[in-house]
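Sequences are here, hints too, so could you generate the full structure?
Listed below, chain by chain, are the residues.
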Amino acid sequence: MSKLAGKTVLIIEDEPNIIEAISFILSRDGSTVHTHSNGQTAIEAVAERAPDLIVLDVMLPGRSGYDILKDLRNAEATAQTPVLMLTARGQMKDREMALEYGANKFMTKPFSNADVLEAVRELATS
Amino acid sequence: MSNSLNFLAVVSIGYIALLFFVAFMAERAALSGHARWLRSPLVYTLSLSVYCTAWTFYGAVGFAARSGLEYLTIYIGPTLIMVGWWWALRRMVRVARSQRITSVADLISSRFGKSNTLAVMITLMAVAGTTPYIALQLQSVTLSFGAFANADPSATPSELGDNNATAFWVAMALALFTVLFGTRNLDANERHHGVVMAIALEAVVKLFALLSVGIFVVWGLAGGVGEMVTRIEASEISTWQVVPSRWIGLIFLSAAAFLTLPRMFQVLVVEIEDERYLRFASWAFPLYLLLMSLFVVPIAVIGLERLPAGTNPDLFVLSLPLMNGQPSLAILSFLGGFSSATSMVIVASIALSTMVSNHIVMPIWLRLTGTGANVSGDVRHVVLLSRRFSILGVLLLGYVYYRISGGGAALAAIGLVSFAGVAQFLPALLGGLFWRGATRSGAIAGLSVGFIIWLWCLFLPSFGPDEVISTQVLANGPWGISLLRPQALFGIDGLDPVVHAVFWSIGLNTLAFIVTSLFSFPSPLERLQGAQIVDVFDHTSSGQRWRGGVAQSEDLMIMAQRILGANEAQGLFQRAAEAQGIEGFLPEPTPDFLNQLERELSGSVGAATAHAMVGQIVGGAAVSVDDLIAVADEAAQIMEYSSQLEAKSEELARTARKLSEVNEKLTQLSVQKDAFLSQISHELRTPMTSIRAFSEILRDEGGISGEEQSKMSAIIHSESVRLTRLLDDLLDLSVLENGQVNMNIETGSLVAVLDHAIAAAGRPEKLRILRKRERENIPLKTDLDRLSQVFINLIANAQKYCDAEVPELRIDVSKSRSNLQIDFVDNGKGIPRAAQALVFEKFSRLEGQKESGAGLGLAICREVIGRIGGTISYVPGQGGAAFRVTLPIALTRV
Numbered sequence: 146m147s148k149l150a151g152k153t154v155l156i157i158e159d160e161p162n163i164i165e166a167i168s169f170i171l172s173r174d175g176s177t178v179h180t181h182s183n184g185q186t187a188i189e190a191v192a193e194r195a196p197d198l199i200v201l202d203v204m205l206p207g208r209s210g211y212d213i214l215k216d217l218r219n220a221e222a223t224a225q226t227p228v229l230m231l232t233a234r235g236q237m238k239d240r241e242m243a244l245e246y247g248a249n250k251f252m253t254k255p256f257s258n259a260d261v262l263e264a265v266r267e268l269a270t271s
Numbered sequence: 076m077s078n079s080l081n082f083l084a085v086v087s088i089g090y091i092a093l094l095f096f097v098a099f100m101a102e103r104a105a106l107s108g109h110a111r112w113l114r115s116p117l118v119y120t121l122s123l124s125v126y127c128t129a130w131t132f133y134g135a136v137g138f139a140a141r142s143g144l145e146y147l148t149i150y151i152g153p154t155l156i157m158v159g160w161w162w163a164l165r166r167m168v169r170v171a172r173s174q175r176i177t178s179v180a181d182l183i184s185s186r187f188g189k190s191n192t193l194a195v196m197i198t199l200m201a202v203a204g205t206t207p208y209i210a211l212q213l214q215s216v217t218l219s220f221g222a223f224a225n226a227d228p229s230a231t232p233s234e235l236g237d238n239n240a241t242a243f244w245v246a247m248a249l250a251l252f253t254v255l256f257g258t259r260n261l262d263a264n265e266r267h268h269g270v271v272m273a274i275a276l277e278a279v280v281k282l283f284a285l286l287s288v289g290i291f292v293v294w295g296l297a298g299g300v301g302e303m304v305t306r307i308e309a310s311e312i313s314t315w316q317v318v319p320s321r322w323i324g325l326i327f328l329s330a331a332a333f334l335t336l337p338r339m340f341q342v343l344v345v346e347i348e349d350e351r352y353l354r355f356a357s358w359a360f361p362l363y364l365l366l367m368s369l370f371v372v373p374i375a376v377i378g379l380e381r382l383p384a385g386t387n388p389d390l391f392v393l394s395l396p397l398m399n400g401q402p403s404l405a406i407l408s409f410l411g412g413f414s415s416a417t418s419m420v421i422v423a424s425i426a427l428s429t430m431v432s433n434h435i436v437m438p439i440w441l442r443l444t445g446t447g448a449n450v451s452g453d454v455r456h457v458v459l460l461s462r463r464f465s466i467l468g469v470l471l472l473g474y475v476y477y478r479i480s481g482g483g484a485a486l487a488a489i490g491l492v493s494f495a496g497v498a499q500f501l502p503a504l505l506g507g508l509f510w511r512g513a514t515r516s517g518a519i520a521g522l523s524v525g526f527i528i529w530l531w532c533l534f535l536p537s538f539g540p541d542e543v544i545s546t547q548v549l550a551n552g553p554w555g556i557s558l559l560r561p562q563a564l565f566g567i568d569g570l571d572p573v574v575h576a577v578f579w580s581i582g583l584n585t586l587a588f589i590v591t592s593l594f595s596f597p598s599p600l601e602r603l604q605g606a607q608i609v610d611v612f613d614h615t616s617s618g619q620r621w622r623g624g625v626a627q628s629e630d631l632m633i634m635a636q637r638i639l640g641a642n643e644a645q646g647l648f649q650r651a652a653e654a655q656g657i658e659g660f661l662p663e664p665t666p667d668f669l670n671q672l673e674r675e676l677s678g679s680v681g682a683a684t685a686h687a688m689v690g691q692i693v694g695g696a697a698v699s700v701d702d703l704i705a706v707a708d709e710a711a712q713i714m715e716y717s718s719q720l721e722a723k724s725e726e727l728a729r730t731a732r733k734l735s736e737v738n739e740k741l742t743q744l745s746v747q748k749d750a751f752l753s754q755i756s757h758e759l760r761t762p763m764t765s766i767r768a769f770s771e772i773l774r775d776e777g778g779i780s781g782e783e784q785s786k787m788s789a790i791i792h793s794e795s796v797r798l799t800r801l802l803d804d805l806l807d808l809s810v811l812e813n814g815q816v817n818m819n820i821e822t823g824s825l826v827a828v829l830d831h832a833i834a835a836a837g838r839p840e841k842l843r844i845l846r847k848r849e850r851e852n853i854p855l856k857t858d859l860d861r862l863s864q865v866f867i868n869l870i871a872n873a874q875k876y877c878d879a880e881v882p883e884l885r886i887d888v889s890k891s892r893s894n895l896q897i898d899f900v901d902n903g904k905g906i907p908r909a910a911q912a913l914v915f916e917k918f919s920r921l922e923g924q925k926e927s928g929a930g931l932g933l934a935i936c937r938e939v940i941g942r943i944g945g946t947i948s949y950v951p952g953q954g955g956a957a958f959r960v961t962l963p964i965a966l967t968r969v
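Which chain is which? The protein sequence lines are A and B, in order.
Mapped onto the numbering used here, the consecutive letters of the first sequence carry residue numbers 146 to 271.
Mapped onto the numbering used here, the consecutive letters of the second sequence carry residue numbers 76 to 969.
Read the hints as simulated data drawn from the structure, not as lab findings.
Do not rely on the hints blindly, as some may be mistaken.
As the list claims (entries may be wrong) - DMTMM-like mimics (lysine to aspartate or glutamate), calculated; alpha carbons at most 20 Å apart, straight line:
#1 B:Lys904 <-> B:Glu883
#2 B:Lys748 <-> A:Asp216
#3 A:Lys238 <-> B:Asp749
Stated by the list, open to error - Quick list of simulated restraints, FRET-style, between CB atoms:
#4 B:Ala912 <-> A:Gln185: 20 to 28 Å
#5 B:Arg968 <-> A:Gln185: 51 to 59 Å
#6 B:Val881 <-> A:Ser147: 46 to 54 Å
#7 B:Asp830 <-> A:Pro161: 29 to 37 Å
#8 A:Ala195 <-> B:Lys904: 30 to 38 Å
#9 B:Asp830 <-> A:Gln185: 38 to 46 Å
C-beta atoms are modelled at their ideal positions from N, C-alpha and C, and glycine is treated no differently.
So, in structure tokens, the structure goes:
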């Protein structure tokens, strides 16, 4: 059942416990998981790891997830990289903004592990 | 009744009917607008003939028979006015137009500040002066009836004695005519087309009648001009000596009366359609008078010669044709006299009724009913009604006077008495028209003095000796004071009674008028009216003439009063006059003063307007004072209005500002609320995410090592604690912010509170806490638990965030006269400058911290310290993070 085998995922998130939880779920499904917790250096991290998929938090220290997403979409290398956005702010306009900036999926914390896994699988293999 | 008297009555009635018809047609033509022919210089000139009453028609011959050529004075006076002074008349007309003047009383009272006292005085005097004159007209009609009766052998004595009835019915018929055509409507101009037309017709009739009689006398009786001249030379008339004082006195009197008689004012000034008519009348009316006087002497001479001794010379005009077998001519002559009488009575009663109604009846009625000055439809009815009753009253008064006086005195005497009475208006009238300095008090004083002297010296004695004034008083003066003898006032004896009375009454009247005017200060309204009336021609060519320095200052003063208000303007002018060393209110218009005035005015009307206004008055530019005052009036109104608007718009701006402030606050609150909810959501969801994720892993995934399991459980636990703490803090903050917190005041000491806080913050593992306990020994009386909570928070922050190698927290306590200060200073990096301002806000957290709280701790601290009565602040520049708690010294007084 290792559907994510061979896939590299980069988790950009600042809350250590949440990083640990998502890492646990995704690595169990076979992916290689990298994590990064600073917004300002997120773009460099993406360039360095060249992940197949990015899990991106909105409220990051240093830089907002939306700004990072915009930069990713504007760069040729990452324009097509699937992005799953996570946010603890569950308002309608957050979802709209995320999709407008080019997120492929949007999920509100707290999430169910199964949903996250399914979303990542879908994005990583499409 | 005899045939001739019957016939005469029929003729009279027929003639009056003709007058009704003419007046009616004229009114109708005027209404339908085909009235151009109605109003012409000729009709105007003919209407002036109301001057020639029955006294002139019959009386002039009598006058000539008694006093020779002296009768001419009565014609010379008006001629002088018309020829030499018509421009003065034009001024009266112009003033009357611009001020909507309806009578001589109205003109004088308007000029002197619309004083009703003056109007009432003049009205009463006019009534007193005119009533005998109306009686005189009634008498002339009855006398002429009598002349026919005397000449008619069939007349019975009882019919001769029935004069009173004749007079009564004539009076009533004239009242009816005057009411019908004098008060048809309330024209703002007070013009009466029908009446004027009828008067013009009567003017023609009387001239024609007199000329006819004259021609009959000269060519029919005397036998030609040459013969006539020799007879005149032979008669006693040619031997009459000219008495200069009497001539001058009478010419003056008739000229004065021509201007001041109410009926003359009515036709001259009120009824005039166009002031250019005056130019025509200035030569045409003297011509009319000349024709009227042409045959007076021949008729008198032949009358004296031919008629039996004792025949009344006042009736020669009638008696000569009658006695010489010319009944038709006699009837014509009768109609001439009748015309003279009726035209005078009609116009005089219109003029008097206007005065009585406007100045006596209406003010009383308005006061009684409290209607105020609103002219509504109802009031118009009242005005018309009061006019009609006034007309009736005036005529009845004339009739009563006729009955009482018994018709005894010579006609000419009554005429002169009347003239002298109304001549008393002259000083006030002319002074008012030409002299700015004339005042109301002056007019009242002059009129009173003149009227009293007239009454005493002329009117009362005119009833004859022992009628009103006894022979005793006439000879020796009242109470034996000879200086007050009616016909020899102040011991001036030997003058003709009329000349004597005119001299003293007009002389003292004028003196009192001038002196009182000089010594009284006019009210602002008087000054204004005075300026408008005296300067009525100001915007014509004559403008500059009377603009000396003082007149200019007066203009400036009037204008300034309008703009600055009376008191301020007078004060300003008086100070300026004082500064110039001049007594009174009027400074010289020096450049300095003008500049000062301009500055003052510009404060009210703006610099440009003020400059223009002052410039126009000083420069005598082609703008009248009137115009300027209107401008000033407008400006004052506009200013008031605009200042109201300004106040309103200021108020609106204030309200708008308030609204936008409130709106901004609301928006801010709304933004804050959104941000707060978003923050809370984030703060709650974050630990819940971890809890849910790990609990799902523990539930769903197999093959997790025990070590991993306990690690995950620990995370779940710590995140649960974090959630709980967050909820506690939120609730605490909410309670504090809403002010629902109960303070639990206790007594203790600072050192104990700090000990407790340090202990409660948990064992200071790495953090060293530096204290000077001896300085902390300060008593406290406050909510010690809450204070302790703040200290715990500050210590915990230092534990969490101090990033020094060897973290230290120094607690310094200091006391001033008003405050107790407790500083918490650590040795870390401190808080960046940009974040210092926000550190006490909810959910404010510094970036890049290992340990993250919800960001509520310092917000709670601020609320708690605020409740206690102190402040908490971040102190920059202390090396590390430095917080200072300041408490009022009162809390240390246990």
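Hint check against the structure, violated hint numbers in rising order: Result: hint 2 breaks, nothing else.
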